[in-house]
Amino acid sequence: MRNGLDQWGHALPFLRQWEVGRGLAPEEDAGRDTARSGFAPCLVTLLRLSAPPRFGADAGSLPPWLLAGLARTGHLPLAAELALSTGDELRRAERLLAVVRAAADAGDVHGAQALTDSIALRQCRDQALVGQVSAWARAGERDRAVALAETVRYPHHWAVTWALLAKAVADGGDTRAALAFADRAEDHVLCSDPSAAKVLVLLLEVADLVGDRDRADDLADRLEDWARSRGRHGGGFDRDRPRPLATVLVRDLGRGDLDRLDALLRRPRRSPLDAWVMTVVLASAPASTDVETALALADRTQILLGACATSSGEAIALCTAAARMLALHGQVERAAAFADAMHAPDIREERQTQIVAELARGGDTGRAEELARAIGDGAARSHALVAVVRELARQGETDRAVRLADTIDDPWLRDHALVAVVPETARHGQRERAEALARTIVHRATRARALTELAEVLTESYEPSEARRLAVRAAALDGWFKVLPLLERLAPDALVATVDAWTGGRVGEPTDRADGRHQKGTRAPAQADGADR
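The letter at position 467 of the sequence shown is residue 466 when you use numbering that gives the first Met the number 0, and the numbering goes up by one with no holes.
Some clues are possibly wrong.
Stated by the list, open to error - Listed below are the simulated DMTMM-like cross-link pairs for lysine to aspartate or glutamate, each with C-alpha atoms no more than 20 Å apart in a straight line:
1) Lys197 with Asp207
2) Lys481 with Glu455
3) Lys197 with Asp125
Note that these hints are calculated values from the structure, not bench results.
Working from the sequences, and respecting the hints, build out all of it.
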């Protein structure tokens with residue numbers, strides 16, 4: 000994610016409405032005296048007590064992310080059983096596919112492979128096999144990966160299967176084998192196939208990884224041809240349609256090469272380059288892009304804008320991307336010119352805030368703060384100051400970030416800004432100060448969000464006991480759902496407890512090992528180890 004405003008985007012007003020509606024935090028945090036030692040069963044018990052009594056009429060109504068979480072935390076048999084309990088054949092196959100992918104990503108390739116065989120719907124089983132091929136290769140079982148690739152049934156999956164295998168092997172450093180698998184992928188590429196662009200992008204990455212410059216250049220040309228064959232607006236708007244050509248142009252940018260971009264601009268009527276493609280290029284430009292290249296891109300963007308209606312959605316998106324790129328490189332006046340070129344006065348303040356945010360992200364936080372304070376609209380000014388606070392925190396200037404946050408007039412936006420400061424303070428070795436700062440956040444739900452992010456930092460720094468203690472406090476303040484993203488690392492048994500609470504049943508797997516990990520393939524009541532002590 001680029002910054003805090005991007006993280007929430009248009010959801011920010013809804014977040015505000017929810018957190019303000021939850022009211023103010025109590026003088027003394029609920030849960031401060033709970034789980035002083037961070038004992039995991041306390042968190043499990045809290046989840047049991049606060050989760051809704053029944054999520055649905057059957058276990059098949061459980062959300063897919065929960066099943067995937069079970070698979071990632073060693074509860075694959077339970078995840079599979081719950082997925083298989085879904086009545087509809089298509090939904091059952093899709094849930095099993097999600098569980099297989101989660102297990103493979105977690106390194107349980109044997110369990111994922113066994114579960115793949117239970118997928119009755121052949122199309123979904125084929126999709127599972129495609130993922131299994133690269134998973135086995137990453138696990139060092141190349142022969143098994145190749146044998147599995149040969150069993151993929153449908154021809155439209157063959158090219159991407161071998162391309163993924165080539166990428167996995169190239170990542171492992173075996174240049175010769177990677178190129179051999181890339182050749183097999185190319186044997187099955189059909190330009191008429193919708194997945195052709197995805198395969199060519201993968202093969203381009205492989206060629207760059209192994210250092211085959213000629214092959215990479217040829218693939219880049221083929222991707223341009225693929226984009227040209229689709230036309231400028233062929234097939235209607237598709238969020239992923241601009242990406243193949245944009246990938247090629249960004250690759251060129253990384254080498255300081257604008258020749259292809261210039262050639263596309265010289266033939267506007269026959270060119271696949273449009274505002275959406277250029278928007279993706281500007282947003283994806285390498286971080287190493289220098290000011291000279293950024294200005295050159297701005298000049299070319301201006302040329303492309305001449306072919307757009309300045310009030311159209313694509314022109315507004317392109318101007319916004321150009322303004323943000325220029326602000327990131329400190330070119331505020333040029334950025335403002337792009338922002339003003341949009342005939343959309345209703346979002347003028349939003350554009351100013353974005354320029355401030357990018358200028359701060361580029362390192363010039365002092366100038367960003369000056370621009371933020373110069374914004375006439377009070378709400379927009381507060382939003383811009385939030386962006387500067389978040390960037391100051393990211394750069395480690397937490398004291399200055401706190402002082403600036405205290406100048407924000409809007410109480411909730413001040414709290415929202417501090418949510419970014421709390422975890423960064425902990426990352427810089429001041430955990431107790433971070434926790435004290437979280438207690439100054441006045442809105443209950445916002446404080447819970449800050450405590451959750453602080454718990455995540457402590458999880459990263461291998462302090463699970465303290466992280467669980469903070470997770471309990473967050474859940475006590477604003478409900479069980481606040482800590483769900485942390486459960487996989489903090490208290491895997493709590494996922495089983497949540498399933499038990501949602502389904503009203505007693506499901507789970509017993510443990511008989513000192514490290515608390517579960518036996519595979521066994522069933523027992525869902526009492527997590529010590530959960531009700």
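Hints, one by one, checked against the model:
For the proposed pair Lys197 and Asp207, the alpha carbon gap of about 16 Å is at most 20 Å, so the pair holds. Using a Cα cut-off of 20 Å, the hinted pair Lys481 and Glu455 holds, with the two alpha carbons roughly 12 Å apart. At most 20 Å may separate the alpha-carbon atoms for a hinted pair to count; Lys197 and Asp125 meet this at roughly 17 Å.
Violated hints: none; the structure is consistent with every hint.
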